[in-house]
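Peer 1: Spelled out, the chains give:
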Amino acid sequence: MKLNANIPSGPLTQKWTNHKHEIRLVNPANKRKYDIIVVGTGLSGASAAATLAELGYNVKSFCVQDSARRAHSVAAQGGINAAKNYRNDGDNIYRLFYDTLKGGDFRAREANVYRMAEVSVNVIDQAVAQGVPFAREYSGYLATRSFGGAQVSRTFYARGQTGQQLLLGAYQALMHQVSLGAVKMFPRHEMLELIVVNGHAKGIVVRDLVSGKISSVMADAVVLASGGYANAFYLTTSGGASNATAIWRAHRKGALFANPCYTQIHPTCIPVSGDYQCKLTLMSESLRNDGRVWVPKKAGDKRPSKDIPDNERDYYLERIYPAYGNLVPRDIASRAAKRVCDEGRGVGPGGLGVFLDFRDAVARLGKEVVEERYGNLFEMYREITAENAYETPMRIYPAIHYTMGGLWVDYNLMSNLPGLFVVGEANFSDHGANRLGASGLMQGLGDGYFILPYTIGDYLARNEVKRPPSDVAEAKQAEQETAQRLNKLLTIRGKRTPVEFHKQLGKLLWDNCGMAREEASLKKAIQDIAALRHEFWENVLVPGSHDDLNMALERAGRVADFLELGELLCLDALSRAESCGCHFRTEFQTPEGECLRNDAEYAYVAAWEFAGPDKPAQLHKEPLTYEEAHMAQRSYK
Amino acid sequence: MKVTVRVWRQKNAKTPGRFVEYEVADASPDMSFFEMLDVLNERITKQGEEPIAFDSDCREGICGACSCVINGEAHGPEKKVTTCQTYMRSFQDGQVIIVEPFRAKAFPLIKDLVVDRSAFDRIIQAGGFISVNTGSAPEANTVPLPKYHSDLAMDAASCIGCGACVAACKNTSASLFVAAKVSHLNLLPQGKPEKDPRVLGMVQAMDEAGFGSCTVTGSCEAVCPKGIPISFISRMNYDFIAAALKLRVHGRRV
Chain A
59 MKLNANIPSG PLTQKWTNHK HEIRLVNPAN KRKYDIIVVG TGLSGASAAA TLAELGYNVK
119 SFCVQDSARR AHSVAAQGGI NAAKNYRNDG DNIYRLFYDT LKGGDFRARE ANVYRMAEVS
179 VNVIDQAVAQ GVPFAREYSG YLATRSFGGA QVSRTFYARG QTGQQLLLGA YQALMHQVSL
239 GAVKMFPRHE MLELIVVNGH AKGIVVRDLV SGKISSVMAD AVVLASGGYA NAFYLTTSGG
299 ASNATAIWRA HRKGALFANP CYTQIHPTCI PVSGDYQCKL TLMSESLRND GRVWVPKKAG
359 DKRPSKDIPD NERDYYLERI YPAYGNLVPR DIASRAAKRV CDEGRGVGPG GLGVFLDFRD
419 AVARLGKEVV EERYGNLFEM YREITAENAY ETPMRIYPAI HYTMGGLWVD YNLMSNLPGL
479 FVVGEANFSD HGANRLGASG LMQGLGDGYF ILPYTIGDYL ARNEVKRPPS DVAEAKQAEQ
539 ETAQRLNKLL TIRGKRTPVE FHKQLGKLLW DNCGMAREEA SLKKAIQDIA ALRHEFWENV
599 LVPGSHDDLN MALERAGRVA DFLELGELLC LDALSRAESC GCHFRTEFQT PEGECLRNDA
659 EYAYVAAWEF AGPDKPAQLH KEPLTYEEAH MAQRSYK
Chain B
5 MKVTVRVWRQ KNAKTPGRFV EYEVADASPD MSFFEMLDVL NERITKQGEE PIAFDSDCRE
65 GICGACSCVI NGEAHGPEKK VTTCQTYMRS FQDGQVIIVE PFRAKAFPLI KDLVVDRSAF
125 DRIIQAGGFI SVNTGSAPEA NTVPLPKYHS DLAMDAASCI GCGACVAACK NTSASLFVAA
185 KVSHLNLLPQ GKPEKDPRVL GMVQAMDEAG FGSCTVTGSC EAVCPKGIPI SFISRMNYDF
245 IAAALKLRVH GRRV
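Chain order of the listed sequences is A and B. Just so we're aligned, residue 59 is where the first sequence starts under the numbering used here, counting upward by one. Just so we're aligned, residue 5 is where the second sequence starts under the numbering used here, counting upward by one.
Be aware that a few hints might be false.
[Claimed, not checked] Here are some chain B residues pointing at chain A (derived, C-beta under 8 angstroms):
#: 1; residue: Thr8
#: 2; residue: Glu25
#: 3; residue: Gly65
#: 4; residue: Leu189
#: 5; residue: Ser217
Hints in this document: simulated from the structure, not taken from any laboratory. Nothing here was measured: the structure is a model prediction, and the numbers come from that model. Here a beta-carbon is modelled for each residue, glycine too, at the ideal position from N, C-alpha and C.
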């Protein structure tokens, strides 16, 4: 298989502009003849569905939640990046592009990243026009703050609820289109299979989660905006419903899965407190603007934080990375936390935690200012830990938060299966091996509002394969396979619950393919996960029936797909014998313990082709070439 | 700690429901309420029975999915939190905890603790948006917005659409939910052109969905996990009366 990224020719700064001139358009009168399916209603899905409907297409929008407004984008806290340069601090599109590319450790596709930086400014304009109440200065103009991996202040925010407010903006635009009849909304529906006709994606099989009814929905194109696969790790900051089934089912039907091993560990999460936990809670990275990260200098120092004098504290991020200090990128901050904890200097129960201290910020700014900036986060911290972070430092530890990998897409955001488009966290394209804070919202909305609506027209204008009727043989077969699979899950009647399998998979992944990875343990993990998958299909216990709301059955199907995906994740990590961004192989590190990239051999996108559940996936490589940026060793010192 | 959970179980809308009692002997004060239910559900599943169905996603109080009435209070005993942010330390050892779904005519029950809140989506469809197509937005800093207005709009916009206000209201009124959205958008200069049709349309949609009227008991404000004040209902009523008068004077929506 030859991978063609379809990157337009011409200088980097002109590629998107030229491409928009060159791609085909669909006449307004013809747009209403096309049906488009959008799976997922987070930032990318809701913005894409609303914008496509505004253009005149018939859109069918699906989500597993009871309302489009509850997609997990709602939980993003800190902010959204845009190269507005309102602070006059030297920001511009090129700098945002370069920071993002460098933050991703030079493993992202240059042209895509530049385009994302270009449209970032339009995203802010659009959000403000929709009524997103971004924070403002007393002058009435928009406020910004700093985020990790950047030396400019380009992050727009709405208190600690930026994701919620941006999602409500997109959701309201979507509801507007529903009221006009341009979008048909299907909440509590889960995509369980992709329908491929003559090599083109032309529909999906969905299950109505309330009635259990399985049906095929056909369309001229399918857009997957179903988010990432972080929940394969079980304990993550993702929502309970976040899952990889939509992208995994598409992968099994031929869509390539790119860079699955690029999984992000967020440095500032509330540490694990008990084995009953089903998720971890993130404390926004924005806290690192004013909070200072430290551990005791001496290993095993169990004194309360207030009894440890300043000269016995190690503000290790400020010490090791003086240029960026507490605002180093997420992967670097996470690994540094792991290192100090491995040295026995961690704090809190089990020694898996570091302090994030606001003592100096409260002294410098006053409690009121700190409260205005981060009040809801301090409140959230108090609810969970029963501790007051204005007085005692927060305890934080890294946790899985986001996945940079995803389905492979070309410059048009189309996968190798024609007609299948993938946007937002579900695709792989813009963040390389590590995502910078506040870039996820930028990418999701950029894809949905300003990129996909242009590029999808190019595919539709060709009109190579017409929309088939819903009783086409491929659809019937996909429906049948789905029903059989559900039936199988319900009739195994084994001894272990889907949650038990999920927990065990999560532990295998976190221990062997988490913050540090190495060849031997990855090889063992691949075997262990395969064995767990076999056990799952013989010993899972799913009560209830398929023709009813059955949350255990939903969970079982998602865990089954995570089990397959987990294996690929480890295989990808094993095959990438270098360290880059969040992918840290202990065999490949600098004397200071930083990532040691191998550009000569690994400057490529690893795109995996499904070969069967018990056959190793086949690797295809898209070489990464940089026309403008120079691939340098990252330094935040 | 040991607790007794008396929970509403109902197979579907057509089958009558009943309370079922479960003992949870191994709860910990640091568990969230839902983590306690997760532990219980695992046990129920192990016995080959269907676990208790409840809506929950983010578990950090922002998605608005959770919808339980605990001991008669929407979202449980603590103020300004959702069900998922309720921790077992809020209960006593040995306590009986009664768990019910949000009950309202406009929120038909689906199963156990899961209800259908799609009426809220229909209310938003009736005007809870600013009609600005992608691409037509002016530069973001074109219109400065007084910080006071922006902050007030943000207070209203922080509504998570959970429906606790409805569950707590003796009339099952959705006024706080509608008022929050009307106020968020009507307070902003961007929202002004559609101010009148917005408030008229959304209030009408609320009535049509079967929500009751507001008699200003304040129970909605008391349970709102985001602390949205009922002063927004006054603001909505003010906007509504102004819009209705204009409608009357001009004979059409202006």
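Peer 1: Hint by hint, work out which the structure violates, then give me just those numbers in ascending order.
Peer 2: 1, 2 and 5
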